Amino acid sequence: MKFVKFGAVTLVTLVIVAGIAIPTSLQPTSLFQFPVIPGLEEKARNIFFHVPTAWTTVVAFLVSMYYGIQYLRKRDIEYDIRSVSSASLGFLFCFLATVTGSVWAKFNWGSFWNWDPRETSIFVLLLIYGAYFALRSSLEVEETRAKLSAVYSIIAGLTVPFFIFVLPRMMGGLHPGSKGDPQGSGPVVSFTMSGNMLFIFFMSLLGFNLLYVWMLNVRVRLAKIEYQQSSEQA
Amino acid sequence: MTMMSFSTSTYALVEKDIRSEVRTRYAFNALLMFVVTAVSTILFALRSDNPSTALLSGMYWVVVFFTAMSGLSRIFVSEEERGTVLVLQLIASPTVIYFGKLLFNSALTLVLTTAVTILYVLFFPGFVINSYEILFLTVLLGSLGFAASATIIAAIIAKAGARGTLYPVLSLPVLIPLLITVMNATARALAGEPLVNALGELQVLLGYLLVMVGGSYLLFDYVWKD
Amino acid sequence: MQEFFQQNQMYVVLIVVLMIWAGILAYLWRIDRKVEKIENQMKKG
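Top line first, the protein sequences correspond to chains B, E and R.
Mapped onto our numbering, the consecutive letters of the first sequence carry residue numbers -7 to 226.
Mapped onto our numbering, the consecutive letters of the second sequence carry residue numbers 466 to 691.
Mapped onto our numbering, the consecutive letters of the third sequence carry residue numbers 762 to 806.
If we strip away everything but chain B, and leave its shape as in the complex, we get:
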């Protein structure tokens, strides 16, 4: 765990410094220069922060689904605790991803929202999280709540591949700007990045994931304590 915390802090700090401080130049010559990407220029730096955030929210959702499935199989409330915790983190990251994406879109493509397939999918994920919590708050019995929210997250999870594989084909023509084409998994954009940019990008992905793991760890510990205290009082 110490490794995770240490790793998260160093990596993200590194990425912040490198992502912002490394200058762009038309003919990058050294490791410490980024190429200028036409259409994006300085705004390309957003990719180090916005994309890993979106990636993390998907990871959080999958983790939440995984723990949901584990609950259905083993009926241990601890799995449900982990499932909700991951979902709340996922919701936070999803919200951040949507907002940062929207801000980036405004400065890059002119408007805050376009119903571009990627934008739509992150928004749907936001709706799924919202529905998940709405469902949970309407159920008081602990086992029913755990059971039904697990089922719902699985059902909702079933539709996610549609967004990754289907929407790009359906609305392929809509990609504004230079977001590249959506081959491969949804949230990961793959446009041409130079070697050092790719490196920073992957460091960022890793750093954000580690950060998520740390946050999940703290969240779960806190939730377990709250749970124990409430069952002691009951």
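Warning: the hint list may mix true and false statements.
To be verified - Okay, derived cross-link-like pairs now, DMTMM-like style, lysine to aspartate or glutamate, Cα gap no bigger than 20 Å in a straight line: (1) E:LYS690 <-> B:GLU134; (2) R:LYS804 <-> B:GLU224; (3) B:LYS(-6) <-> R:ASP793; (4) B:LYS66 <-> E:ASP686; (5) B:LYS(-6) <-> R:GLU797; (6) E:LYS690 <-> B:GLU132; (7) E:LYS690 <-> B:GLU135; (8) R:LYS798 <-> B:GLU224.
Just so you know, these hints were derived from the structure itself, not from any lab.
As the structure is a computational prediction, the values presented were derived from the model and not from experiment.
Starting from the known structure of chain B, arrange chains E and R on it as the hints suggest.
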């Protein structure tokens, strides 16, 4: 459970629901009235404006969505309200219950979409069906897909409180892939494109239907049994 | 110092982001420690 008894039980269940439906005509009337209300409201809001085909195809499914949301949860909620849940759990396996309810909801949705289609053709001059094959397949697969998702979500919320508002909230995210595809396909039908153009969308609809039914079938056990 | 920041506005962004990041880290560290304290208490009691 043999194949024979499985389908007999399922049909028996559907029959029971249809019989009670015919007796009270509750869902049927409510749905039809909702469709009429929705379409009237739109007509009123538009006054004499003629919406484009893109808008019409979108609005068509918006009406279907909200009507479905107002009516399709009844199949499980009514069982909860009438206290017949335990009886059902005793006399039939979850699979039978699921498919029975699914078939009933599918029938209801098909009736609903037929009604919406008729009303739209009658009252929106822009809604000219230039490609019957596309529209027919789209509406058929779309309705079944709708019913599939709506049924499992209905089963989930039947156990929760605040069912009325929770139902659309839970259903929408799950239905969005269906809605997007079906709206696109309907627009093609109105534009009179050849059937081949819509094959992509139709495949998606079929895929969605299979995935939803398959997933629901596997998960229904957990929802239904305590 | 002011001129440096006016010429290289990117570094302003850097400072801002670093401050936000430091804030988040501080918060995370704080709750981590709090939870650890409670956990130890519960183990003893």
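Need the list of violated hint numbers for this structure, in ascending order.
Hint check: nothing fails, all pass.
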